[in-house]
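Asker: So you can see what is in the structure, the chains are spelled out below.
There are 2 protein chains.
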Amino acid sequence: MNEGRIRHTVAFALVHSEGSAEERDFLGAAEGLAAVPGVEVFELLSEVSPKNGYRFGISMEFADRAAYERYNEHPDHVRFVQERWLSEVTDFLELDYAAL
Amino acid sequence: MNEGRIRHTVAFALVHSEGSAEERDFLGAAEGLAAVPGVEVFELLSEVSPKNGYRFGISMEFADRAAYERYNEHPDHVRFVQERWLSEVTDFLELDYAAL
Numbered sequence: 002m003n004e005g006r007i008r009h010t011v012a013f014a015l016v017h018s019e020g021s022a023e024e025r026d027f028l029g030a031a032e033g034l035a036a037v038p039g040v041e042v043f044e045l046l047s048e049v050s051p052k053n054g055y056r057f058g059i060s061m062e063f064a065d066r067a068a069y070e071r072y073n074e075h076p077d078h079v080r081f082v083q084e085r086w087l088s089e090v091t092d093f094l095e096l097d098y099a100a101l
Numbered sequence: 002m003n004e005g006r007i008r009h010t011v012a013f014a015l016v017h018s019e020g021s022a023e024e025r026d027f028l029g030a031a032e033g034l035a036a037v038p039g040v041e042v043f044e045l046l047s048e049v050s051p052k053n054g055y056r057f058g059i060s061m062e063f064a065d066r067a068a069y070e071r072y073n074e075h076p077d078h079v080r081f082v083q084e085r086w087l088s089e090v091t092d093f094l095e096l097d098y099a100a101l
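Listed in order, the protein sequences are those of chains A and B.
According to the working numbering, the first sequence is numbered sequentially starting from 2.
According to the working numbering, the second sequence is numbered sequentially starting from 2.
Calculated from the structure, these hints are not laboratory results.
Where is the CB? At the ideal position from N, CA and C, for every residue including glycine.
Be aware that one or more of the hints could be misleading.
Between beta-carbon pairs, the in silico distance windows are [said to hold, decoys possible]:
1) ARG85(B) to ASN3(A): 38 to 48 Å
2) ARG85(B) to LEU28(A): 31 to 41 Å
3) PHE43(B) to ASN53(A): 18 to 28 Å
Just chain A, with the same shape it has in the complex:
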């Protein structure tokens, strides 16, 4: 990764049952985060390791910390967290990576 760039990732599990319409609806809403300004290389992923309880992952990159902070404060991100994440996610872990 280039100097200053940040890859923001979050692994998570949902309250919804696997393959349910509610799960699909949540994931569709999560994909909307790709449209928040500053978000690059957005990926919505399946977490497949049997060594943890997370079932999905989101990965996105920002050109720098300022872009990451603008994303965090953006109304579309704040609304997603308040209206969906807090009530539909059972467990999550955020990991942010930068060049070593």
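For this one, chain A is given, so just place chain B on it according to the hints.
Answerer: Below, chain B alone, put in the same frame as chain A:
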């Protein structure tokens, strides 16, 4: 990601103090994993989120699960785990991602 492809990631912290020669030596040895057959898109990263205690990350991709399993069983990987990882890593979490 393409269907079948796996991104294997591990976030970790070391027993060594920050910026020490021992830390550099471990990270240099970890970079050697890039040479194990089947490893693609290898990255040794800094973990920068204040929300967790991990300090580094490794990310690598495999074309498919068979390539991932060959890596796991490869003598160079097994030796690294036995000779370095088990004694120098204090905490870690593996997350493996695939196409949703």
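Asker: Confirm or reject each hint.
Answerer: Checked hints:
| no. | hint | in the structure |
| --- | --- | --- |
| 1 | ARG85(B) to ASN3(A): 38 to 48 Å | violated (28 Å) |
| 2 | ARG85(B) to LEU28(A): 31 to 41 Å | holds (38 Å) |
| 3 | PHE43(B) to ASN53(A): 18 to 28 Å | holds (22 Å) |
Figure legend: structure checked against the earlier numbered hints; the only hint not met is number 1.
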